[in-house]
Every structure is written in structure tokens, then in C-alpha cells.
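Student: Read top to bottom, the protein sequences are chains A and B. Using the working numbering, the first residue of the first sequence is number 38, and each one after it goes up by one. Using the working numbering, the first residue of the second sequence is number 42, and each one after it goes up by one.
Bear in mind the hints are in silico, worked out from the structure with no lab data behind them. Cβ atoms here follow ideal geometry from the backbone N, Cα and C, with glycine treated the same way. It cannot be assumed that every hint is accurate.
[As the list claims (entries may be wrong)] Only some residues are given here: those of chain A computed to face chain B with a beta carbon under 10 Å:
hint	residue
1	Val41
2	Leu80
3	Asp93
4	Phe102
5	Ser103
6	Phe111
[Unchecked claim] Subject to a maximum C-alpha distance of 30 Å in a straight line, what follows is the list of computed DSSO-like cross-link-like pairs (lysine-lysine):
hint	chain 1	residue 1	chain 2	residue 2
7	A	Lys115	B	Lys86
8	A	Lys105	B	Lys86
9	B	Lys120	A	Lys61
10	A	Lys115	A	Lys105
11	B	Lys120	B	Lys86
12	A	Lys61	B	Lys86
13	B	Lys120	B	Lys83
14	B	Lys43	B	Lys83
15	B	Lys147	B	Lys120
16	B	Lys43	B	Lys147
17	B	Lys83	A	Lys115
18	B	Lys139	B	Lys86
19	B	Lys147	A	Lys105
20	B	Lys139	B	Lys83
21	A	Lys115	A	Lys61
22	A	Lys105	B	Lys43
23	B	Lys43	B	Lys139
24	A	Lys115	B	Lys139
25	B	Lys83	A	Lys61
26	B	Lys147	B	Lys83
27	B	Lys86	B	Lys147
28	B	Lys120	A	Lys105
29	A	Lys105	A	Lys61
30	B	Lys120	A	Lys115
31	B	Lys86	B	Lys43
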Amino acid sequence: DAGVIQSPRHEVTEMGQEVTLRCKPISGHDYLFWYRQTMMRGLELLIYFNNNVPIDDSGMPEDRFSAKMPNASFSTLKIQPSEPRDSAVYFCASSLPGRGRGNTIYFGEGSWLTVV
Amino acid sequence: RKEVEQDPGPFNVPEGATVAFNCTYSNSASQSFFWYRQDCRKEPKLLMSVYSSGNEDGRFTAQLNRASQYISLLIRDSKLSDSATYLCVVSSSGGYQKVTFGTGTKLQVIP
């Protein structure tokens, strides 16, 4: 079974360039999450969607970041313009809704972004 | 106060040792609790859920203490392959879910 698929796996870009990260959630999952992980701050939730609708984007650091989910099988996280401090691993994750005991979040392998 | 707090470690333990991690959470309304494992340069993966009655999975035991608002993970007979970062996860359920990850506790099992 295919898990959460992210692309690109690695990206090196110059400051000021636009970066687009892509994600395909597990089929049938109606929650999609974008996380950012750095050594200093750990795993931070940027935004999550339920049934393609953004529910909580309070973790998006600033207006340079935007996320979309045009359909149930695709989401993008865009950074424009990128800055060196955006260098991090960006994880996309998906899950089914909780059923009392909560639910498992499945992560993609991450997109390793370096902004120089 | 952070929503979820963990000792970052590292915990360096010899093979065969027993090691325990604690994690505290601030939201008393939290309903679901998990431990995730993250290997170096890999994505986090679910290790086990934490139930109110406590639960065990082989060498791993998870406990929840709602009164003191902490969860724990006990690993017995540590293996080299247990070396990883262990993330505490707390979730509030309801109309939508809000999931918060701790920053993780690093475990290094030494031969």
C-alpha cells in the first residue's frame, strides 16, 4: 500500500526563489497535515486540512508561506520568497478522523529543504 | 509552559538495560496520547498508543497519569535497534483534532 508521498525529497534553492512542496496523502484519509522540523524547534505543525478545507493555519510562520489542497489526493506548501531560515525538513502527513481513542498519523518521508 | 514537554536527553544506556521516559502535557482536556519513534533522518512513526489503563507491547510499556498530566514509556531489555528519538504526542479530539508533538527524547543504546 502506498503511504504518504512527498516531492521533492531534497531541494537546494537560492534565497528569494519560490519553493513548492507537494504531497499525496493516503487514499481515504481526510486529514492532511504539514509539519516543519528543525533541530532547534522540533516538529511544528504549520497547517492542517480536513476534507480539503484548511482548519488551522496558526502555525504558518508568515505570509511567505501558503498551502492549498485542491482535491483529496493532492496538497502543496509554497514558500515565496524563500529565506535561509526556512531550511528544514517539511513533512506531510495524513490520518483518518479519531474514533474515541484517536488515530494514527502517517508521515511521508519528508522534503529536505536547504535555502542558501 | 509548552503544551508537551520532554527531556531531550540523550539517554545513553547499555544493551539490556531498562530505560524510562516521561512526558508532561499542559492541557487537561487532552484525550489521546501516543508515542512515536523517529530514526535519524527518517519520518516519525507510531510506536504505540497510550491508554488510560496502561498498555504493553513486548518490551515496551506505556502509562498515562491524568492527575499529574504525564505519560511514560518504559523500554525493557534495550536493544541497539531501539536507538532513536521518541516523540510524545498529545491530541484533543472532538469536532476536529489538534495534535501536538513533543520535541523528543533521544535514546542511544550502547553495545
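Student: Are the hints correct? Go through all of them and say.
Tutor: Results for each hint:
no., hint, in the structure
1, Val41, "holds, 8 Å"
2, Leu80, "holds, 4 Å"
3, Asp93, "holds, 7 Å"
4, Phe102, "violated, 19 Å"
5, Ser103, "violated, 21 Å"
6, Phe111, "violated, 19 Å"
7, A/Lys115 to B/Lys86, "holds, 25 Å"
8, A/Lys105 to B/Lys86, "holds, 25 Å"
9, B/Lys120 to A/Lys61, "violated, 34 Å"
10, A/Lys115 to A/Lys105, "holds, 9 Å"
11, B/Lys120 to B/Lys86, "holds, 18 Å"
12, A/Lys61 to B/Lys86, "holds, 18 Å"
13, B/Lys120 to B/Lys83, "holds, 19 Å"
14, B/Lys43 to B/Lys83, "holds, 25 Å"
15, B/Lys147 to B/Lys120, "holds, 14 Å"
16, B/Lys43 to B/Lys147, "holds, 18 Å"
17, B/Lys83 to A/Lys115, "holds, 22 Å"
18, B/Lys139 to B/Lys86, "holds, 18 Å"
19, B/Lys147 to A/Lys105, "violated, 34 Å"
20, B/Lys139 to B/Lys83, "holds, 23 Å"
21, A/Lys115 to A/Lys61, "holds, 15 Å"
22, A/Lys105 to B/Lys43, "holds, 28 Å"
23, B/Lys43 to B/Lys139, "holds, 15 Å"
24, A/Lys115 to B/Lys139, "holds, 22 Å"
25, B/Lys83 to A/Lys61, "holds, 18 Å"
26, B/Lys147 to B/Lys83, "holds, 14 Å"
27, B/Lys86 to B/Lys147, "holds, 15 Å"
28, B/Lys120 to A/Lys105, "violated, 42 Å"
29, A/Lys105 to A/Lys61, "holds, 12 Å"
30, B/Lys120 to A/Lys115, "violated, 41 Å"
31, B/Lys86 to B/Lys43, "holds, 22 Å"
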